[in-house]
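Spelled out, the chains give:
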Amino acid sequence: MIDALLFDLTVFALAIFLGFEVISKVPVILHTPLMSGTNAIHGIVLVGALLVLGGADTTFARVLGFVAVFLGAVNVVGGFLVTDRMLLMFAKKR
Amino acid sequence: MTPTAIHAAYLLASILFIVGLKRLSSPRTARNGNLTASLGMLIAIVVTLLDRQILSYPLIFAALVLGSGVGAVAARRVAMTDMPQMVALFNGSGGGAAALVSTLELFHIFRTEPLIPVDAGVSIVLGALIGAVSFSGSIVAWAKLQGVIGERATTYPGQKALNLLLLVVNLVLAVLVDSNQAGFGTFLIFLVACLLLGVLAVLPIGGGDMPVVISLLNSFTGLATAATGFALHNVVLIISGTLVGASGTLLTVLMCKAMNRPITNVLFGAFGGGPAAQAAAGGRAADLAGQSVREATAEDVATMMGYGQSVIVVPGYGLAVAQAQHMVRELADLLKKRGVAVRYAIHPVAGRMPGHMNVLLAEANVPYEELYDLDQINPEFERADVALVVGANDVVNPAARTDPASPIYGMPILDADKAKHIVILKRSMKPGFAGIENELFYDPKAMMLFGDAKDSISKLVAAVKAL
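Going down the list, the sequences are from chains A and B.
With my numbering applied, the first sequence closes on residue 94, and no number is skipped along the way.
With my numbering applied, the second sequence closes on residue 467, and no number is skipped along the way.
Quick caveat, the hints were computed from the structure, so don't treat them as lab data.
From the three backbone atoms N, C-alpha and C, an ideal C-beta is built for every residue, glycine too.
Check each hint, because a few of them may be wrong.
Taking CB as the label site, the calculated pair distances span [to be verified]: (1) A:PHE60 <-> B:ARG427: 48 to 58 angstroms; (2) A:ASP3 <-> B:THR264: 14 to 24 angstroms; (3) A:ALA13 <-> B:ASP51: 22 to 32 angstroms; (4) B:SER428 <-> A:PHE7: 56 to 66 angstroms; (5) B:GLY339 <-> A:GLU21: 26 to 36 angstroms.
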């Protein structure tokens with residue numbers, strides 16, 4: 001158990017630094033699309049929702065799991081589409 | 001699919017997220033970056049659906065189709081001006097999902113294991129706490145921006161003490177659950193208390209600060225997602241959630257920097273409506289009470305601009321609300337035809353989120369080269385014949401430079417007051433988000449053109465045509 005936790009913590013620690021580094025030099029005009037884009041990426045929680053709904057064996061778990069998958073899908077699909085719409089407006093200028 | 005294949009696919013998805021995020025932060029590659037990240041998401045979801053842990057599909061597909069449909073329609077239909085609210089809602093969905101995933105994971109442990117393992121327990125309560133706060137906080141942020149509830153900061157005596165008490169109660173409940181001294185019912189009470197905390201924490205923050213709040217809640221949802229990754233031992237959840245948590249925090253700090261305010265001030269200062277802000281503004285407001293503003297007609301303004309050499313447009317949120325960006329471009333085109341140089345001065349926090357104004361003006365086909373940021377344009381105001389302030393207020397308030405008692409003192413502002421003439425298009429004399437008076441309106445060089453920004457600009461267009 002402790003090995004698995006240490007492995008997860010290692011990944012976590014590295015991802016923190018990566019998150020700071022990867023967007024450190026971003027122009028102000030991209031702040032809104034970037035916020036929206038990262039917003040879509042945390043929609044990955046949908047993967048967790050799929051796993052818990054997939055394993056649900058009681059009505060309580062099915063109802064909550066259903067809502068979780070629904071919310072996760074809204075986050076993913078809405079997030080990426082709205083970001084694309086914003087970026088399209090910059091793209092047609094060039 | 002075998003667990004190995006699934007892990008390999010998750011690794012690929014994680015790499016695509018990182019590359020996508022990197023590309024999102026440069027204007028040339030941004031759109032491609034978003035596509036890259038969405039490809040990573042597609043891979044992660046498809047692979048998860050092929051996981052052998054999944055027992056039944058009909059319910060999953062129903063939820064997926066319904067959620068995707070709602071997300072797609074909302075994203076297509078939303079007006080660009082309402083973008084911040086939309087992002088808040090999508091963010092809230094993610095937070096809600098993370099809280100529910102944590103809840104179900106704990107439910108599962110309660111039914112199958114005698115004791116809660118410490119690591120799973122801690123990550124579950126953290127995922128539930130952060131996810132629930134992000135969910136209810138995002139909804140309050142949405143409601144404030146959408147005008148469902150008042151934009152002003154809601155304050156009452158003992159507010160901070162109450163919020164702190166609630167946080168302590170939450171932590172105590174969390175410890176009780178994790179130390180196996182309380183059952184699932186206690187956890188549900190904890191969950192409700194977390195939702196309440198999210199509402200109460202965002203209520204005291206004014207509408208003008210909502211972008212910062214949304215950005216912070218965005219990074220919260222990232223962290224809640226990472227916490228669910230710990231509970232489920234799922235690496236792609238940890239990596240992506242943490243990436244968003246870290247980059248979202250950085251973005252929040254950048255936004256606060258643009259407003260020259262520490263984050264603690266944004267979150268706990270009850271800016272805009274708090275007694276402190278009103279008291280501070282009181283002194284200046286009294287000075288200004290005796291003065292009156294000068295009102296202009298569209299014809300006066302058209303003449304000043306049409307026969308001038310240089311006009312700098314200062315767009316603010318009022319322009320966005322009135323949907324006047326297309327009309328502004330038409331006015332700029334007319335002026336350019338007459339040989340007048342037209343430039344746009346974009347304050348870092350103009351609109352409702354950093355860069356929001358750039359998106360709105362891009363939507364109206366304003367050429368990218370005409371947009372100038374604060375440092376580039378400020379030295380140019382002295383030579384400008386007219387500074388046309390459209391629906392902006394706090395970002396041109398000279399009190400930020402001159403009045404140490406003002407709550408916005410120290411915030412970098414656009415030096416519109418240095419232009420030869422200042423024309424302010426405004427609905428009324430109502431103060432901006434910060435809830436403070438603007439002495440610029442009383443400047444002898446300043447003139448007010450009252451009315452809806454779109455109406456006023458269309459009058460200006462007609463008047464310039466008639467010159």
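Against the structure, the hints come out as follows:
Checked against the hint of 48 to 58 angstroms, the pair A:PHE60 and B:ARG427 passes, with Cβ atoms roughly 51 angstroms apart. One distance hint, 14 to 24 angstroms for the beta-carbon pair A:ASP3 and B:THR264, is violated here, with the actual separation near 39 angstroms. Distance hint check: the CB atoms of A:ALA13 and B:ASP51 are about 27 angstroms apart, consistent with the given range 22 to 32 angstroms. B:SER428 and A:PHE7 have their C-beta atoms about 60 angstroms apart, which keeps the hinted 56 to 66 angstroms range intact.
A hinted range of 26 to 36 angstroms is violated for the C-beta pair B:GLY339 and A:GLU21, which are about 47 angstroms apart.
Against the hints set out earlier in the document, violations occur for numbers 2 and 5.
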